[in-house]
Structure formats: C-alpha cells, structure tokens
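A.B. asks: Given next are the chains, with one letter for each unit.
Protein chains: 6
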Amino acid sequence: MAERSEEDKLKIARAITEALATPEEIRDDWGRLIVDTVLPDGVWSRPGLNQRDRSLITIAALTALHRPNELEIHIGRGLDNGLSREEICELIMHIAIYGGFPVAVEGMAIAKSVFEARSDD
Amino acid sequence: MAERSEEDKLKIARAITEALATPEEIRDDWGRLIVDTVLPDGVWSRPGLNQRDRSLITIAALTALHRPNELEIHIGRGLDNGLSREEICELIMHIAIYGGFPVAVEGMAIAKSVFEARSDD
Amino acid sequence: MAERSEEDKLKIARAITEALATPEEIRDDWGRLIVDTVLPDGVWSRPGLNQRDRSLITIAALTALHRPNELEIHIGRGLDNGLSREEICELIMHIAIYGGFPVAVEGMAIAKSVFEARSDD
Amino acid sequence: MAERSEEDKLKIARAITEALATPEEIRDDWGRLIVDTVLPDGVWSRPGLNQRDRSLITIAALTALHRPNELEIHIGRGLDNGLSREEICELIMHIAIYGGFPVAVEGMAIAKSVFEARSDD
Amino acid sequence: MAERSEEDKLKIARAITEALATPEEIRDDWGRLIVDTVLPDGVWSRPGLNQRDRSLITIAALTALHRPNELEIHIGRGLDNGLSREEICELIMHIAIYGGFPVAVEGMAIAKSVFEARSDD
Amino acid sequence: MAERSEEDKLKIARAITEALATPEEIRDDWGRLIVDTVLPDGVWSRPGLNQRDRSLITIAALTALHRPNELEIHIGRGLDNGLSREEICELIMHIAIYGGFPVAVEGMAIAKSVFEARSDD
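Protein chains in written order, with my numbering: chain A, 21 to 141; chain B, 21 to 141; chain C, 21 to 141; chain D, 21 to 141; chain E, 21 to 141; chain F, 21 to 141.
Since the hints were made in silico from the structure, they are not lab data. One or more hints might be untrue.
Note that the list lumps identical chains together, so a pair holds whenever it fits in one copy or between two copies.
Taking lysine to aspartate or glutamate and the EDC-like style, the derived pairs with C-alpha atoms no more than 20 Å apart in a straight line are [as the list claims (entries may be wrong)]: (1) 29 - 56; (2) 31 - 45; (3) 29 - 61; (4) 29 - 92.
Next up, chain A with everything else stripped away, as it sits in the complex:
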C-alpha cells in the first residue's frame, strides 16, 4: 500500500476530530494517532480479517464493554461493511450470554435507534 502523505493524513485526522469532540490542545496529534493505529491506516487496514469480520468483533467488544457512544458509531459502520440488521441483532443477543443481559438490552436500544435513523434516509 502506498504510504499516505503527511498532508492527507492530517486532513483525515482533522475530519475525525471534527466528528469526535476533542480539545484543541491535542487535536492533531490525537487525530493522527487514530489514523495510524485505528483507522483508516491502523488495524482496520490489515488484510488478516475483512471489514465485515472486523465490524463483527468491534461491535461484540463494544457491546460487552458497555461503550454506548462508540457502539452507535460502529453499528452504523457495520451496516456499511455488509452486516445485515438481522446479523447485528443476533450478535447482540449472543453477547447477552457472555457480557450479561443488561449490556445487550442497551445494545438493542442503540441498534434500534441506528436502524430507524437509516430508515429515514
């Protein structure tokens, strides 16, 4: 993969830290760390698992860990990465067993709100 230019990287970093509220004191460094480590150039860019599988495991971890804000973002990304609504629901039900029903109840509510927001498009 051709390395992304520093300038392009900064542009993406800034788009990320527009979307995620970030103090200006660290904005560019934090954005660049996300670009390099998470996405688009971090673990998500590695070939070992495809984007759909990465969405599955990310949603699984965020549901289990009870991180509602990030979960909302990644349920949307999961749909973009080819997961069906039924698969996302099934995943959240499965996590009820491993992380407890309360985290799945939350996950279901977030999934519902993401699905409904998409239906309005």
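Assemble the complex: chain A is given as a structure, and chains B, C, D, E and F must be docked to it using the hints.
C.D. replies: Only chains B, C, D, E and F this time, still in chain A's reference frame:
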C-alpha cells in the same frame, strides 16, 4: 429442529459440569441452564450467525472483558469452528484497540498456549 | 409450576420489548429469551432465593457494574419486592467499598430519582 | 457502640495485613483504613442490613466484577454469616444473567473449592 | 493536623450531598463517609502524594473505568490542582493504550466540555 | 527525534515478544505495533508528561482495571522511572477509593512481590 429429550439434555449437562468445576448442590440445574441458554441448544444453535462468526464474536468479547479461563476454551473452539490461527491472532490484535493493549497481551499468551497444545497432538 | 402456554409467553415477551426499545428484526425471539432465562420464567422464578434476596443481589451487581439504565428499573422492582428505601441506600453505600465510590455516587443519584418519582404517585 | 481503642485497632489491622500480602511501607495505614472503612468498624458494622444480607450483596458484586481472590474469601464469610451452600450457588447462577455466564462459571469453581475445603474440616 | 469538629464535618458532608444527588434517607451518613474516606479528610489528605499527582491518578482511573460523570468533576479539580490542559489531554491519550480508544474518545469529549466551560468564566 | 531504522525496530519488537508470550503467527507485527504505539516509540516517548508521571497513570489504570500481569511489569518500571515504594503504595491505596478495595488488595500483593524480588538483588 427436533427437541432433545430431557434425558439427553441431562447427559450433556453432566458432561459440561464435569468439565467446568461446579458444586454438586446446583450441578444439574446449572448444566441444564447452560445447555438451554448457551450451548448446544442456546444462542449457539440459532441460525442467524454461523459457528465461525459466533466464535469470532465470543473470542472478541472474552478478550475485551479479560476472562482468561473462558478465553482459552473458546480459542480452542474457534479453531474447531474453522478460524485459522492467523485470524485469531488478528482478532486479538484488533481488540487491543478497543479494550486496551493489556487484554490483548493476555489474549496472545493464551492463544500461544492453545496453539502449542494442539501442535503436540 | 404449570408451564406457560406459548401464546401467553409471546404476550409477555411483547410487553417486555415494548418497554425495552428493541429492533423489530429480533423482537419476539429476544423477548422470549428474556421470559425463559431472566423473568418471569427464568432465574427469578427459581425457589432457591426469595424475590427480596434476588432484588438485593441484582441491585448490587448492577451498581458495581455501572449499568445505570437497568439499575433504575431494578431499584423500582426492589421496592416492589419489599426492600425499604433505607435498605437500598445501605446496599449502595456498601457497594462503594467493593466497586469504588464513583459507582455508588451514580447509584445514589438513581435511587433518589426513583424514590422521588414514587413519591409523586 | 464503644469506640475501639487505637491499640486494639492496630492489632486488628496487623492481623488483616498478615492475611492479605501488603508491603511493609504502608501496612499499618492500609490495615487501619480497612478496619475503619470495610470491617470490622466500616460498612459491615452498620445496622441497616444484617450480616447475611451484606454477604449476599458482597458475593454478588465480587462475582459480577470478576474478582476471584476476594470472592473466595467472601464465600467463606458468607457461610459463616448464615448463607447455605445452596443459596450461594443460586446467587452465582443469578449473576450469570447480569454479569455474563463466564463470571458465573468462575464463581461456581471457586464456590466448589471453598465448599470442599470446609468439608475437610 | 487538628481533627475537624463533628459539626464542621457535617457541614461539609451536607455540601457534598447537595452537589451529588443523594437520597435523604442516607444523606448525612453517606456525606460523612465521603468526608472521612475520600475528601477532604480521606485519602486526598494524606501526605504521600501531592494534590497534582492525586489528580493525575484519579483522572487516569476514571478514564480507564469509563465513569463519565465523576471524570467531569475530576478534570475540573485537576485544573485547580495545577494540571495544565495539555497534561490532561496527554494523560487521556496515554490511557487509550491501557483502557482502549473508546474510553479515551469519551475522555477527550469531557475534557473539551470542561475546558470550554472554564473559558466562559 | 531521529526515526529509528526498520531493522532496529524489528530487533526491539522481537525482544518484546520474547518477553511477552506471543504466537509466532503474528509475532513481528504485534511487536512492531507495540514499539510504535506503546513503547519505546509510542505514547511513552511523547514529551507532554514525563516518565514518572506516565508510570503513575499507568499503574493507576492497571490497578483500577484489575490487570495483574501487566501491573506487575509496570510497578517494576515505575521504580525504574523514579517512583518510590511509598509512592506506589500510596497510589494503590488511593485507587481503592475509585476502583474498590478488592483491586487495591490485589495491587498491594503484587507490589509486595515486586519489592521483595528487587530486595533480593
């Protein structure tokens, strides 16, 4: 799916509570709850996600939640369900981002020990 | 205990998934899993601990795990199951020691809001 | 309740920090903090919940939070405080629902080992 | 340090439980436990670490544990205790590695809102 | 800072994955991710907080999150980074308040074992 007989269910429940240390005071009820809710007749038997996908999300959740004993079991099951060693490693590296590097360091050590035990077969 | 009919079970499942926001894609299955595993026909229906004791341990776990939405529901159920307001407060203070003061601070705020909503009845 | 003398408090604090491995650099202060905040003079000494109820909620929280070492101690104390083995098993099964099956699997194994150690007495 | 009078302690306890919503059933006891165990007379009053260091470790723990409400309070206190905005941002970025990026994303958003509220002064 | 050569980076990565058990399937990539993201070239190399402060917050997070294996490593590094034994004990006691006494009890035991291993030198 043909319902399993109560007798068969109890046989499986007892095999489970042989494998997982369980007080005799609750052994049969606990085993049956696992049979009906987890596996083989619980969420793992539902058609909405295949066994490989369920292994992916289970390993993701157990790594993120830092549950080393269950993780060891499910890395083995993941191999049985068709995940490659490379995919399991990739999954654990991905979870470093969402659950922190320490849980992935643990996950890597457990994966290594499971892989090595299999190589001895 | 006489088995509940499938029809009755579905009726209760639907009431649960009215109360808890759930995607329609999984609503009935998720509701039925809750009915069978959690309540009314799951662990809550077992004779080994009475309803008051089950409320005590559920509130303890939800406070310690920092699950505010479920905690709100179960503080209300705890009052219905015979816990006094003083006992619920005492329980939350006790959990400060085992789960940290921040989870108890949250629990106290939720208890206050549940108590006040009841006082308005 | 008559205040305990500073000398008596220190004696108890030292017994605690004998039982729990503690660096000598902080031993007496840490022991005294436990005496005053946890037990015997902390939350456990308050009249608002009896000792059996406090054991119930402590075991519930420790199971849900996955704290195996402390759980072992408190299952033993729970037996001393009047909980039956059946009640402790029932409690752990209940927590499977709220904290996930893996924490209950661990809890069951710890309960079994505590029960067996007592049977040897 | 001269012991604080019971009357003064109660006054501070009441100010704390004004600020943190607390059921009246336990207000004074809960406030006094905070005064004696947390602050101003608890761990925060001990000489072994200065106030700035205690703010560092408190913010680190609250970020890692994902306790947004308490984190907001302690980022403000951290500024009062001499941490710069840059140091707080750096701390939260560091915790991304140990607790996962999602908890740091939340921490950054909270830091931004606290910083902006102060800028309005 | 002069960029480290790829060859040097790989050498450090391999030393890390010797120390931390890692499956050979991902060893070099995982080691390099740690080098770039954690240390020596990741967050630990940033000037915004000194090494002592970074040890403080890392130990705080690992104690609160209950990650005993990593905590052991970082208590040792903390001593190397200039923290005194007294400060590390004080830190762990402070975290009892924010993460609960059980995680601090564990932290104290780990600190004791690290201190004693050093005394044998």
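A.B. asks: Hint by hint, say whether it matches the structure.
C.D. replies: Hints and how they fare:
1. In the homo-oligomer, the alpha carbons of residue 29 and residue 56 lie at most 20 Å apart both inside one protomer (9 Å) and across protomers (17 Å), since each shortest distance falls under that limit.
2. In this homomeric assembly, residue 31 and residue 45 come within 20 Å of each other (Cα to Cα) only inside a single copy, at 17 Å, whereas the closest approach across copies is 34 Å.
3. Taking the shortest alpha-carbon separations for residue 29 and residue 61, both the intra-copy value of 9 Å and the inter-copy value of 19 Å come in at or below 20 Å.
4. For the identical chains of this complex, residue 29 and residue 92 are neighbours neither inside a copy (25 Å) nor across copies (31 Å), given an alpha-carbon limit of 20 Å.
Checked against the numbered hints listed earlier, the structure breaks hint 4 alone; every other hint is satisfied.
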